[in-house]
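There are 2 protein chains.
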Amino acid sequence: MIPFSLTILGCSSATPSIERGQTAQLLNIHEQLFLIDCGEGTQLQLKRFEIKIQHINHIFISHLHGDHYFGLIGLISTLHLHGRKNELHIYANAELENIINIQLKASNTTLLYPLIFHTLQYDKPVMLLENEELTVQTILLKHTVPTCGFLFREKERERNINKEIIQKIKIPFSEFEKIKKGADYIASDGTIYENQILTHTPPAPRSFAYCTDTAYFEPIIEQIKKVDLLYFETTFMQERASDAKDKMHATTVDAATIALKAQVKKLLIGHYSARYKDLSPLLEECKQVFENTFLTEDGQRFEV
Amino acid sequence: MIPFSLTILGCSSATPSIERGQTAQLLNIHEQLFLIDCGEGTQLQLKRFEIKIQHINHIFISHLHGDHYFGLIGLISTLHLHGRKNELHIYANAELENIINIQLKASNTTLLYPLIFHTLQYDKPVMLLENEELTVQTILLKHTVPTCGFLFREKERERNINKEIIQKIKIPFSEFEKIKKGADYIASDGTIYENQILTHTPPAPRSFAYCTDTAYFEPIIEQIKKVDLLYFETTFMQERASDAKDKMHATTVDAATIALKAQVKKLLIGHYSARYKDLSPLLEECKQVFENTFLTEDGQRFEV
Numbered sequence: 002m003i004p005f006s007l008t009i010l011g012c013s014s015a016t017p018s019i020e021r022g023q024t025a026q027l028l029n030i031h032e033q034l035f036l037i038d039c040g041e042g043t044q045l046q047l048k049r050f051e052i053k054i055q056h057i058n059h060i061f062i063s064h065l066h067g068d069h070y071f072g073l074i075g076l077i078s079t080l081h082l083h084g085r086k087n088e089l090h091i092y093a094n095a096e097l098e099n100i101i102n103i104q105l106k107a108s109n110t111t112l113l114y115p116l117i118f119h120t121l122q123y124d125k126p127v128m129l130l131e132n133e134e135l136t137v138q139t140i141l142l143k144h145t146v147p148t149c150g151f152l153f154r155e156k157e158r159e160r161n162i163n164k165e166i167i168q169k170i171k172i173p174f175s176e177f178e179k180i181k182k183g184a185d186y187i188a189s190d191g192t193i194y195e196n197q198i199l200t201h202t203p204p205a206p207r208s209f210a211y212c213t214d215t216a217y218f219e220p221i222i223e224q225i226k227k228v229d230l231l232y233f234e235t236t237f238m239q240e241r242a243s244d245a246k247d248k249m250h251a252t253t254v255d256a257a258t259i260a261l262k263a264q265v266k267k268l269l270i271g272h273y274s275a276r277y278k279d280l281s282p283l284l285e286e287c288k289q290v291f292e293n294t295f296l297t298e299d300g301q302r303f304e305v
Numbered sequence: 002m003i004p005f006s007l008t009i010l011g012c013s014s015a016t017p018s019i020e021r022g023q024t025a026q027l028l029n030i031h032e033q034l035f036l037i038d039c040g041e042g043t044q045l046q047l048k049r050f051e052i053k054i055q056h057i058n059h060i061f062i063s064h065l066h067g068d069h070y071f072g073l074i075g076l077i078s079t080l081h082l083h084g085r086k087n088e089l090h091i092y093a094n095a096e097l098e099n100i101i102n103i104q105l106k107a108s109n110t111t112l113l114y115p116l117i118f119h120t121l122q123y124d125k126p127v128m129l130l131e132n133e134e135l136t137v138q139t140i141l142l143k144h145t146v147p148t149c150g151f152l153f154r155e156k157e158r159e160r161n162i163n164k165e166i167i168q169k170i171k172i173p174f175s176e177f178e179k180i181k182k183g184a185d186y187i188a189s190d191g192t193i194y195e196n197q198i199l200t201h202t203p204p205a206p207r208s209f210a211y212c213t214d215t216a217y218f219e220p221i222i223e224q225i226k227k228v229d230l231l232y233f234e235t236t237f238m239q240e241r242a243s244d245a246k247d248k249m250h251a252t253t254v255d256a257a258t259i260a261l262k263a264q265v266k267k268l269l270i271g272h273y274s275a276r277y278k279d280l281s282p283l284l285e286e287c288k289q290v291f292e293n294t295f296l297t298e299d300g301q302r303f304e305v
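From first to last, the protein sequence lines are chains A and B.
In this text, residue positions in the first sequence follow my numbering: the first is 2, and each later residue adds one.
In this text, residue positions in the second sequence follow my numbering: the first is 2, and each later residue adds one.
Calculated from the structure, these hints are not laboratory results.
Please note: incorrect hints may appear among the correct ones.
Pairs involving identical chains hold if they fit within one copy or between any two copies, as the list cannot separate such chains.
Claimed, not checked - Here are the computed lysine to aspartate or glutamate pairs in the DMTMM-like style, where the Cα-Cα straight-line distance is at most 25 Å: (1) K48 / E298; (2) K125 / E51; (3) K48 / E20; (4) K288 / E219; (5) K266 / E292; (6) K106 / D247; (7) K278 / E298; (8) K48 / D299; (9) K106 / D124; (10) K156 / E51; (11) K53 / E20; (12) K262 / E155; (13) K226 / D124; (14) K86 / D247; (15) K86 / D244; (16) K248 / E159; (17) K106 / E96; (18) K156 / E178; (19) K143 / E159; (20) K182 / E285; (21) K226 / E51; (22) K106 / D244.
Fair warning: this is a prediction, and the values are worked out from it, not measured in the lab.
From just these sequences and the hints, can you work out the full model?
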């Protein structure tokens with residue numbers, strides 16, 4: 002199975018606790034590692050959950066509230082101290098570059114590797130990254146400071162060769178690439194073999210949408226329609242809907258309603274207020290609206 | 002016993018590990034709490050070791066290498082989120098104020114409490130803080146960026162009244178304050194009672210010196226002469242003396258030699274390079290020069 006998995010590094014909102022780190026998640030798509038948000042202590046969580054930090058090449062920071070990025074400067078420094086040479090790409094609000102640079106300058110640090118900043122914009126969703134295997138786009142969210150979510154989509158994979166048939170017909174190796182891309186095969190005697198008998202259909206492309214921090218915001222729905230896995234913040238239970246509105250955060254019911262309307266396959270919740278020691282009431286409240294909901298906790302891994 | 006105790010919050014150099022946090026120590030002098038350095042994750046260590054963070058009013062940052070201050074912005078934010086109203090004083094390199102302010106601005110945060118920066122200077126030792134019970138002075142160190150150590154001294158305490166004698170002679174309460182300060186007492190019949198029979202001598206004032214990061218630097222000796230407790234970094238064992246010299250850090254033998262020459266009572270070592278899993282060889286090397294040496298590890302408390 003080609004990996005598409007999400008590891009929760011921190012599920013707390015605002016202040017960290019012994020049990021719940023500040024927001025950070027690690028997404029593995031085909032062994033490409035993406036770090037999404039980086040609260041204080043993220044480098045330790047990465048170590049705790051045995052993730053190879055030098056394999057992370059792209060870091061996405063949703064917004065500049067500290068619980069989503071205070072761990073970034075420490076991670077950048079550690080990568081440097083451990084001798085990193087490869088480029089590291091940061092996707093964030095433009096101001097983050099100044100925040101990182103002022104700290105590097107204060108310690109006279111010239112990084113051993115290129116640190117490349119990509120500026121988020123907030124007026125329309127944009128493509129941040131595209132390579133052979135996947136795309137990453139922004140999702141417009143609604144919070145007290147400019148904030149983006151991130152939508153990761155696996156690309157359509159090539160068709161899988163049906164080895165049995167191919168051997169039987171004795172198709173030359175040189176034709177394989179075309180066939181994987183969907184071509185039929187015409188044998189030397191003129192027989193046409195249709196692609197669908199030569200290949201198996203590959204698994205459907207998988208997708209993950211990351212939405213935090215945000216108030217309930219209907220325009221999100223179209224942007225994340227039918228994703229396989231949605232992470233949506235639930236800072237509060239529904240009884241605190243007015244706190245949520247004031248602080249532009251989401252409740253359990255907000256998250257589940259978005260999941261339902263967007264017809265996603267599975268909902269993960271997190272970014273819990275520190276007031277909730279027992280999380281099961283949050284889960285129950287979500288499930289009443291959207292059954293396929295799961296709590297996130299630090300160290301958990303979800304396969305898509 | 003009036004407290005004078007040191008809690009180790011982190012004993013690692015450069016990069017943190019699960020077992021060893023980045024540099025931070027909490028000094029309790031007469032229930033006044035002083036935080037010294039504040040590496041990433043310090044707020045969690047404070048929580049882990051059950052220290053009341055709102056009781057910290059003064060934070061001393063030795064220098065602007067990240068492993069000594071990356072946790073400060075998170076702690077400042079948490080104090081704010083928990084409703085702090087009292088002043089918080091930060092003693093640090095002038096640039097730290099800019100580093101903190103750019104991050105507060107990025108999140109549109111106006112702190113609920115006054116955050117007061119005091120700028121360190123590096124040409125001579127200065128008094129940073131003086132109150133009824135103690136003084137805090139800088140110690141000049143030698144490192145790759147401007148760095149200060151900190152010397153905490155308890156003030157001479159008032160003499161303790163000998164209750165038995167006082168009752169016997171029937172000295173009025175109104176005289177007590179003068180007697181505690183060392184005055185003799187002249188009774189109405191003209192008899193002179195010398196202070197030394199009216200009072201007990203209080204315990205000698207205690208002192209703690211914090212020296213990290215620094216190379217071996219002889220001028221430190223005079224500044225910390227005869228302190229009760231010295232914390233001195235030992236990033237390296239003696240076999241790595243040339244690494245220590247290049248990076249302006251101290252070895253085991255450097256620390257122990259300073260302790261010996263300064264005639265301190267007790268030496269604590271720490272700021273260990275991550276390469277040392279077993280710390281006992283570092284301790285042994287120190288003890289060969291200065292017997293009364295102790296390792297520090299996260300969560301340990303030392304009474305002075």
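Structure versus earlier hints - violations, ascending order: The structure breaks hints 2, 10, 16, 19, 20 and 21; every other hint is satisfied.
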